[in-house]
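Could you slot chain W onto chain H? The hints should help.
Going line by line, the protein sequences match chains H and W. Heads up: the first sequence begins at 231 in my numbering, then just goes up one per residue. Heads up: the second sequence begins at 124 in my numbering, then just goes up one per residue.
Derived by calculation from the structure, the hints in this document are not laboratory data. Every residue gets a Cβ at the ideal spot worked out from N, C-alpha and C, and that includes glycine.
Which bits of chain W does chain H cover? Going by a derived footprint, with three or more residues having C-beta under 8 Å, they are:
1) 161-175
2) 231-243
3) 279-293
4) 380-392
Taking lysine to aspartate or glutamate and the EDC-like style, the derived pairs with C-alpha atoms no more than 20 Å apart in a straight line are:
5) H:364 <-> W:385
6) H:607 <-> H:754
7) H:564 <-> H:770
8) H:444 <-> H:424
9) H:482 <-> H:494
10) H:415 <-> H:498
11) W:359 <-> W:314
12) H:603 <-> H:621
13) H:482 <-> H:464
14) H:517 <-> H:530
15) H:433 <-> H:490
16) H:743 <-> H:806
17) H:727 <-> H:648
18) H:353 <-> W:316
19) H:364 <-> W:316
20) H:564 <-> H:775
21) H:777 <-> H:742
22) H:353 <-> W:280
23) H:353 <-> W:285
24) H:570 <-> H:770
25) H:308 <-> W:304
26) W:202 <-> W:385
27) H:482 <-> H:496
28) H:364 <-> W:280
29) H:368 <-> W:385
30) H:727 <-> H:549
31) H:353 <-> W:314
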Amino acid sequence: MAFLLRTVSLTADGREIVRDRRIERAQLSVGRAAERDIHLPDLAIEPDHARIEQIGERRVLVRSVGTLGFTVDGRSVKRVEIDAAAGAELGFGGHRIMVGREGDATALTVRREAALSDAAEEKDETAIFSLSAKLPGKRPVAWALTVAILSLLLALPIISFAMRPAQDDRKIDQVVGDNAWSPGKLSDAHHALEQGCEACHVKAFVSVRDDSCKACHADAHDHAPPGRLAGARESPGIGGAFLQSVAHAFGKPGPGACVDCHTEHEGEGRMAATPQQFCADCHGTLKERLPDTALADASDFGTAHPEFRPRVQVAVGGDGRPTVRRVSLAERPKDANGLKFPHDMHLSGTNGVARMARTLGGEFGFGNALACKDCHKPTADGVRFLPVDMESDCQMCHSLAFDKVGGTVRTLRHGQPDQVVADLRAFYRSTDPAAPLELGGLGRRRPGLYAQGQVYNAYFGAGATRPGRADRAIATAFSDKGVCGECHVATTPAGGKGWGVMPVHQTARFLEKGWFSHAAHKTEKCESCHAAGKSTLASDLLLPDLKSCRTCHGGEGSGAKVATGCALCHNYHADDGAPWAVRRKAAQVQPASSWQHP
Amino acid sequence: MRSTQIARQERQAALHDGFLRYAGYKWLKIAGGISVFTILTYVLIDVTPRHNGGSWYGYTLGTIGVALILWLTALGVRKRTMTPGRWSLKAWTSAHVYLGLSLIVIGTLHTGFQLGWNVHTLAWALMMLVILSGLFGIAVYAALPTQLSTNRDQMTEAQMLEALRAIDRQLHEAAQPLTSDMAQVVQSSLDQDAFGGSAWNRLSGHYPRCATAAALDRVRVVTGPQADLGHDPLEKIDTLLDRKQAMLARLRRHLRLRALLEVWLYVHVPATIALLAALLAHIVSVFFYW
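Only chain W is shown next, with the shape it has when bound in the complex:
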């Protein structure tokens, strides 16, 4: 009775655990063990004249490494089918993360620290790029969703867009009495694409040439020194532009956090495929000039 109860508790706990702490860090322990074992053997086994990928030990690490890489890549296929249990996707992902990290040790010791400008080091560099981008991905997955949620303040993305549209409509309405040149200033803010800018703007959250900010500056030149008596339509424009800027800031924070959550995959996935190509070139070239 007691054991089934414990089992049920464990099962429930497992359902709530993320892939990082899956099964009490089982895969962290396994991967850590593999890494420590590899480092110990590297130090203790005397390879002459010195460690490199071409010794028997180097070939062994290389074979383990390539098998591991192929298995890690298989997550791309595996993730498209979700299953529970011991071989659940969560278990698989947990193993993917920790065994992938142990590949830093296996792959690097395989090189014997003999790096150069060649196809072999290219494969190593791509491997490291894949692992480090994955590490970045885990870091942002651990840290950013809370920030994302806080920033959204219970708004959906559609609501953010609609809020922006509402401000724009009001701006358009309020700007009707303005002179041509001031109307142009407001129009420039209306014409601004809130989702524009480069990938770098997205990731950094800096938009130095923001038309709304420029428009507000122009309007403030007029509204700043004068008292707000409610007669000047520019006063309303000022308020609206201010609101738009606040809305844009929230939207841009949202876009930045989303971009950070997504960007690692734009490195991780293509670099993985490139790594497979580089591995093929690495292995074939070694045997070609055997």
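Chain H on its own, in the form it takes in the complex:
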């Protein structure tokens, strides 16, 4: 009954030192305390940890004394019997005891396996002091990011674009991932296309063409014939020509392509305004390049803009058709509209007109004198005014009544001179009256019957004078002070034609090349632009001139009360509607139906 205790320890350079000791006893104690037979200086072991007993020739019993166990071939136990000849490995904390049989003794080989502290373990000093152990490597992170970016943000959209059906009428986005390519939100007008990049970007590496725009904007008018446009465009300087050549080298369309003015991806909201310079580039010096143009040069409303040239009726032809011509307001043109109408008299606050207005005010809503609104009614959109209408706007004063039958007033027919003549003739009865009874029969006729007031005189007198009185009444009606002639220029009977009046043409829009909306100027009084109160003739053209407009309006970027770009009045795409600068403000302007005269 003996144990062979073999202790293996390591020198600093890793060499093993083996010490053997034979103990002639049947039982050995194991523990951290120095007095144990097997002294294991290991803090994981109790001072008195276990006993190893020889219980037979080859049998060995190992049992814990305290609460902590030990391991046998890796298993945790508190008590175990071992065949020493077969061998086993016991583990106590960081120590290992190999159990075996050597001669007649049970051999116990003790060695320390674990380092006594973490720091004592072998360490790669360059690695542990560096941060590299704590962070993912630069290379794998770089690769991961690169692969993620290139596959999701480049390859995916390109493959998706290449694989989309060539002809697809479904209005859904076919290209996946290209939203990440959008450099900014589209304007409100194109918001619906936000998901469908390929609607405009039709071909890869081909810039957006006009065709894409015209697919929807089929009704966009050309500004001018392409040849004229090309001639009008200012030739770029050296820098401009260089930029243009670079742009062309990269396949950009233009100049004059839709996208040159209508820039997209500038963010939500309305599309950015086209600046006045865009117009001024050509129109500022247009005469130099297009000498035959009828247009005057203009580059800034406040400083370089020609006087307005309204379309006026300069004369009335023999056939009654007016001759219309654009004349500059600087020439003080007259508008031969065919009417006789003194504005000053009608707007006076002291004369008979004003008296009449007060009399009729209750019924027609007049004030103490007539005002513009009493005759001039705006159109539904408030932009312009309806033609003044005789029946609704004049006739309450300028009555055409000439007879009363019972309770019914008979009036002359406005606008029909022939009917007027016929009605007057009928009224004055150009035929003889019915013969009185006294003139019939066989009764003796006395000479006195021919005297004034007697039957003969009355009968034959009427027969003789009736036609003459009708002619006089008609002539009176058409004379300067007559019911027709006081407003109209009458035409006397000649060449088989009877009485007539010159046709009246009320111009609804004088400035056909520019847009003017009265609704947009509601804050102003009529008189501040139209000097109607001083006008004595209907042919006075009461349009305000350029100078008058410039009291409020100046060029774009100017300090004027209303900085005005070209697009406020002029329409690049030359349709009948308002220019876009007006249209974009439409939402802010009150509906035209609420138009009230100030």
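This is chain W only, laid out in the frame that chain H set:
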């Protein structure tokens, strides 16, 4: 004679100057000039409807920017060969730093401040990340080496580790007479990995679950109230744990300073490579949907 003397002095001065003050801040002046010029042109050139990357001016800045980025990235290759002179690595690094900073102006004005959730802004953001991490790197290189040296107190890293091992050995020895549970407390300190913890622990220098600190607390519960008569082995443990904690504090300060000196590169380098990828996606996508 005089001129050669001056030249020699200058050469010597240049040898001692860092890359930041290389050649009398030559590249700082050049980069500053470029930035001011770019800002002036940005303000003075009237691009309609407004500045963005898609105007001729935007494309010009973009082209300059991408050329600059490629050249800046080339430092990664260039730094592996050290040469002296006008094209020395120091000159190159100086230019890298200052031209890289001017890229903040060039790149940002290229965007026209139109930023969004897209590949273009991703490229800009990565560029800014690279530049700002580089700026951080310069800042720590300027400030931390002194602190690092002071903290080390002429110890090498190997000596720090050996000092820790020595304390551990003494702790192990001193703890032999202890009862099981107190021995466990000391063992927990011995088992502690002084280099453990997360990257955040390293960078912040805070280790809230330090086993040594916990062990010292446990020991102090016993040793605190009693007089130190030299009989109780715990008194020695107390002293040793205290020394270990001081050593750990020095080691951790060292690790923190080293981590701060290193960490910017873990952003700068991968972000640069990611930036190149994002730039490729940015440029290709622009021309793809031209």
